[in-house]
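Peer 1: In order, the protein sequences belong to chains A and B. Counting the first sequence from 1 gives a position; the working numbering is that position plus 14. Counting the second sequence from 1 gives a position; the working numbering is that position plus 64.
Rather than coming from a laboratory, the hints here were simulated on the basis of the structure. Among the hints, a few may not be true.
[To be verified] The calculated DSSO-like cross-link candidates involving lysine-lysine, where the alpha carbons are at most 27 Å apart (straight line), are:
hint : chain 1 : residue 1 : chain 2 : residue 2
1    : B       : Lys182    : A       : Lys263
2    : A       : Lys209    : B       : Lys228
3    : B       : Lys365    : A       : Lys518
4    : B       : Lys389    : A       : Lys518
5    : A       : Lys263    : A       : Lys214
6    : B       : Lys389    : A       : Lys209
7    : A       : Lys209    : B       : Lys182
[Said to hold, decoys possible] To spell it out: a stretch of chain A is covered by chain B in this simulated footprint if at least three of its residues, at any positions, have a beta carbon under 8 Å from a beta carbon of chain B; those stretches are:
hint : stretch
8    : 257-266
9    : 523-537
Given the structure is predicted, the values throughout are model-derived calculations rather than measurements. Where is the CB? At the ideal position from N, CA and C, for every residue including glycine.
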Amino acid sequence: MCQWISAQNDSIINLKEVVVSDATLHLSNKSQSIQVLNDSVISKNQSSLTNLLNYNSVLYFKEYGRGMLSTVSFRGTTASQTAVIWNGINVNSQLTGNSDFNTFSAPDFNSVSIKAGGGSVSYGSGAIGGTVHLNNDLVFKNKFVNDFRFDYGSFTTLGVNYKMAFSNKKWSTQIGFSRNSSDNDYEYLDLYTWKGEQRKNENGQYATTNLYANLGYKINPNAVLTFYSQTSNTDRHLSLVSESDSKTKYINTFSRNLLEYSEAKDRLSTNYKLAFLAEEYQYFGDIESDYFSFGKSESIIAKVDFGYQLIESIKLNGILDYNHTKGFGTSFGNNTRQIGAVALKAVQHVDDKWQNELSLRKEVSSDYDSPFLFSLGSSYIFNSFYNLKVNLSRNFRIPTFNDLYWEQGGNPNLKPESSYQAEVGNIFSYKKFTLSETLYFIKINDLIRWVPGNGDNWSPENTDRVNTYGAETILGWSNTYGKNSFAVNGTYAYTISKNVDTNKQLFFVPYHKVTGSIAYSYGKLSANYQYLYNGFVYTRSDNDPNEIIDGYQVSNVGIDYDFGFLKASKLGFQVLNVFNQKYQSLEDRPMPGRNFNMYIILKF
Amino acid sequence: MKFSKLFFVALMSVSVFVSCTNDNDDVVDSGDYNQGVLVLNEGSSEQGSVSYISNDLSSVTQDVYGTVNGSDLLGKFTQSIFFDGDKAYIIAGGSNKITVVNRNTFKLIAKIETGLVKPRYGVVKDGKAYVTNANTYSFENPDTGNTDDFIAVIDLATNLVESKIELNATANRIVLENGKLYITEPYSNDKLLVVNPTTKGLETPINIGSDADTMEAKDGILYVLRSPYGAASEIVKVKLSDNSMNKITFPSELQDAKNLDIEAGKIYYTVGTSVYGMDLTATEASNTAILNYTSTSDWGKMYGFAVRNNHIFIADGGDFTANSKAYVYSLTGTLQKEFTVGVGPNGFYFNE
Chain A
15 MCQWISAQND
25 SIINLKEVVV
35 SDATLHLSNK
45 SQSIQVLNDS
55 VISKNQSSLT
65 NLLNYNSVLY
75 FKEYGRGMLS
85 TVSFRGTTAS
95 QTAVIWNGIN
105 VNSQLTGNSD
115 FNTFSAPDFN
125 SVSIKAGGGS
135 VSYGSGAIGG
145 TVHLNNDLVF
155 KNKFVNDFRF
165 DYGSFTTLGV
175 NYKMAFSNKK
185 WSTQIGFSRN
195 SSDNDYEYLD
205 LYTWKGEQRK
215 NENGQYATTN
225 LYANLGYKIN
235 PNAVLTFYSQ
245 TSNTDRHLSL
255 VSESDSKTKY
265 INTFSRNLLE
275 YSEAKDRLST
285 NYKLAFLAEE
295 YQYFGDIESD
305 YFSFGKSESI
315 IAKVDFGYQL
325 IESIKLNGIL
335 DYNHTKGFGT
345 SFGNNTRQIG
355 AVALKAVQHV
365 DDKWQNELSL
375 RKEVSSDYDS
385 PFLFSLGSSY
395 IFNSFYNLKV
405 NLSRNFRIPT
415 FNDLYWEQGG
425 NPNLKPESSY
435 QAEVGNIFSY
445 KKFTLSETLY
455 FIKINDLIRW
465 VPGNGDNWSP
475 ENTDRVNTYG
485 AETILGWSNT
495 YGKNSFAVNG
505 TYAYTISKNV
515 DTNKQLFFVP
525 YHKVTGSIAY
535 SYGKLSANYQ
545 YLYNGFVYTR
555 SDNDPNEIID
565 GYQVSNVGID
575 YDFGFLKASK
585 LGFQVLNVFN
595 QKYQSLEDRP
605 MPGRNFNMYI
615 ILKF
Chain B
65 MKFSKLFFVA
75 LMSVSVFVSC
85 TNDNDDVVDS
95 GDYNQGVLVL
105 NEGSSEQGSV
115 SYISNDLSSV
125 TQDVYGTVNG
135 SDLLGKFTQS
145 IFFDGDKAYI
155 IAGGSNKITV
165 VNRNTFKLIA
175 KIETGLVKPR
185 YGVVKDGKAY
195 VTNANTYSFE
205 NPDTGNTDDF
215 IAVIDLATNL
225 VESKIELNAT
235 ANRIVLENGK
245 LYITEPYSND
255 KLLVVNPTTK
265 GLETPINIGS
275 DADTMEAKDG
285 ILYVLRSPYG
295 AASEIVKVKL
305 SDNSMNKITF
315 PSELQDAKNL
325 DIEAGKIYYT
335 VGTSVYGMDL
345 TATEASNTAI
355 LNYTSTSDWG
365 KMYGFAVRNN
375 HIFIADGGDF
385 TANSKAYVYS
395 LTGTLQKEFT
405 VGVGPNGFYF
415 NE
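Please work from the sequences and hints to get the whole structure.
Peer 2: Here's what the structure looks like:
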């Protein structure tokens with residue numbers, strides 16, 4: 015139930031009962047901190063990925079109102095400098111470069127992991143601040159489990175989530191469906207129109223639907239074939255700021271498919287990946303009109319990874335990948351981008367205490383010059399009490415289709431944003447207590463920013479240089495006394511992110527963010543409390559002290575009881591924003607006050 | 065008993081006296097913002113705002129509307145202000161609304177929130193406002209985006225849109241002269257639209273050519289500045305009695321002229337970051353700059369401009385993410401004062 019920091023993993027794929035969809039994550043990244051949120055943490059949170067990460071990690075989010083567009087800042091970086099990795103594949107939008115965390119439903123995944131720090135060598139563009147990993151791990155043992163959850167909450171918020179896992183020693187299947195919708199017409203606390211009427215969130219209704227199927231087949235004890243597939247549709251009206259604003263809506267659809275073959279025998283291992291990703295948005299400038307603008311991208315990704323155990327302690331991997339992306343839409347013509355890359359990795363597993371990692375990557379692209387990327391790190395466990403991690407890396411974020419081709423204004427001469435990053439992680443463990451303390455420094459060059467350009471168009475330029483540094487603290491403790499179980503988790507991020515030329519803090523980067531949770535269970539009854547504090551943020555590049563979003567504290571409480579029939583049969587009740595805090599993460603985008611949710615979970 | 069009754073009477077008269085004084089104060093109180101310049105800031109990701117510069121140029125107040133009216137929202141992309149008596153009508157194009165305030169106190173009076181679709185500019189005649197509305201744009205509505213612009217006719221007694229005048233063209237700036245409405249739009253319209261507000265009928269438009277934007281009427285002549293891309297700018301003088309035209313073609317180095325403003329017998333206009341002036345009766349445009357200011361803004365040079373009371377007012381759009389600047393010059397081009405105003409300042413209005 016707690017969050018494991020840097021889980022240890024069995025390094026031999028073929029003997030495992032569980033096939034981890036992203037084996038690289040834990041095997042060759044011991045020099046960086048990884049926070050894993052497993053399904054019991056996921057089930058205590060609201061279904062959107064934004065909610066899960068907002069209340070359980072150092073990631074900072076800004077939301078255009080509840081359920082609306084949600085973008086992230088990790089380690090003081092921009093929204094497109096955090097990469098979302100779906101079963102090992104980077105799924106950030108090719109059009110915008112970032113991910114909208116309200117289009118993902120967290121319960122669709124077995125685990126959500128957060129890897130702080132650079133990861134472009136393994137995960138490509140956007141892995142500057144860190145990466146968020148959405149994993150579906152396949153289990154090969156005799157099992158048939160159905161998992162059903164129904165949520166009903168304030169503002170006619172409905173959630174249905176069904177998963178089925180069916181497996182034996184040869185086959186593993188997961189099928190899932192989720193739909194989350196809300197009228198989302200919550201009142202704005204203490205805000206009234208000029209006529210004195212209570213203001214509320216208008217035109218904010220949304221519905222997110224996800225379908226997935228994951229399949230694994232063990233061809234022989236050394237070889238496994240897996241297939242992951244997910245489609246999603248997020249249909250949102252966009253909340254009005256003023257009651258008289260034009261009503262608009264936004265539909266996002268995604269299709270993600272990955273076929274993977276892994277084989278390991280003697281000293282040699284091979285992994286082939288073939289992925290097809292499609293994304294599309296439709297924007298309706300007026301919901302009454304049929305007209306919409308759209309953008310679409312389709313990517314084919316092929317990846318080959320050869321591993322060779324050089325000597326007992328050293329494993330080498332050579333990786334080739336190829337990415338072919340076609341983008342088209344209302345605001346740009348047909349454009350195709352091809353990227354080829356070669357990477358080399360060496361992991362020296364000196365002993366169970368000491369691991370060194372080196373990886374190098376160079377991309378060649380039809381569109382831009384790519385920097386030479388590397389990652390160099392080491393993890394040393396001094397004793398059961400203390401583990402030291404050191405990592406140095408170079409990472410990048412490539413220009414998006416919008417940046418390059420937007421008509422008018424796209425700039426085909428952009429360079430990728432690039433960064434150097436150094437971090438030192440200290441992990442302390444004592445009995446059931448873990449504390450991870452990481453210090454980092456990131457130097458980002460050629461930050462792409464849209465500025466008013468020639469004529470009436472805005473145009474992106476490689477303008478800014480940013481230095482970001484700070485400290486991340488993650489702590490966890492859990493224990494059981496008889497029938498009483500406790501788990502306490504907390505995170506704290508201190509972030510300085512400065513434009514080198516102006517020496518100003520980047521807007522929408524808080525200096526302080528804190529999360530905390532306490533979970534208690536007694537037999538079949540469990541209760542939990544969640545806490546979030548976001549410090550103030552500037553909303554303007556000049557750090558105008560009059561133009562800030564105030565800091566806020568939000569608390570949620572929940573309780574559930576397992577009635578004890580079937581494998582599990584829980585009835586739960588949650589009070590969100592229990593202290594009725596008036597808050598917003600973006601100007602004039604108020605979030606709801608105290609609201610309620612109840613749920614039923616059935617496992618059979 | 066008597067004492068207390070007397071006391072009561074005394075108390076009453078004091079309170080009457082006090083309230084009388086208050087009433088008098090209200091009458092005398094002509095507002096904190098009655099002697100100065102209103103700078104409209106269109107905003108960018110946030111709401112628009114109004115800054116106030118006192119006439120003696122000694123002080124500036126930011127966000128006058130928010131200061132007076134608290135958390136109420138002025139709207140996105142505040143485009144322009146028009147006036148009727150002591151009322152100011154602030155048009156927020158991005159929020160389809162007009163906020164009505166007392167121009168001197170800036171206290172909110174009412175809002176016009178229905179019947180507007182991307183409103184732009186307005187004028188007032190006989191208790192009614194005539195506001196141009198861009199409606200849909202051709203990039204989002206190729207079929208009728210360029211023909212669906214309209215004038216919303218607003219009854220200023222009720223603050224409701226009472227009718228619409230369809231224009232079958234694009235519309236932006238609007239001028240009232242000799243009882244008629246004259247409308248320009250620089251991107252998709254090569255005509256000067258003429259509307260009779262009494263009949264709500266369109267009259268024959270005047271072929272002034274493309275890219276016509278700012279205009280002002282003086283002594284029966286409408287001066288319209290047009291600046292076709294890559295060609296000479298010109299002032300088209302339309303004689304409103306017979307709609308005849310003659311032109312002043314600008315020297316070739318003065319392409320892309322903007323911001324026509326007539327003040328004290330002179331026509332002022334801008335090119336890039338320079339201000340020029342010529343006599344109203346001149347037959348050739350001056351190419352000698354009165355002043356040149358420094359701007360790092362690519363898009364927002366001369367974003368707002370006005371000449372009034374022996375001052376030249378310039379607003380620089382800046383980067384549209386931070387507060388920007390307004391500059392006040394003398395008519396001979398000497399910088400007198402520089403002010404920090406809001407995000408994207410686009411116009412000056414005068415309370416005198």
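Peer 1: Taking the earlier hints as the rules, which of them does this structure contradict?
Peer 2: Numbers 6 and 9, in rising order.
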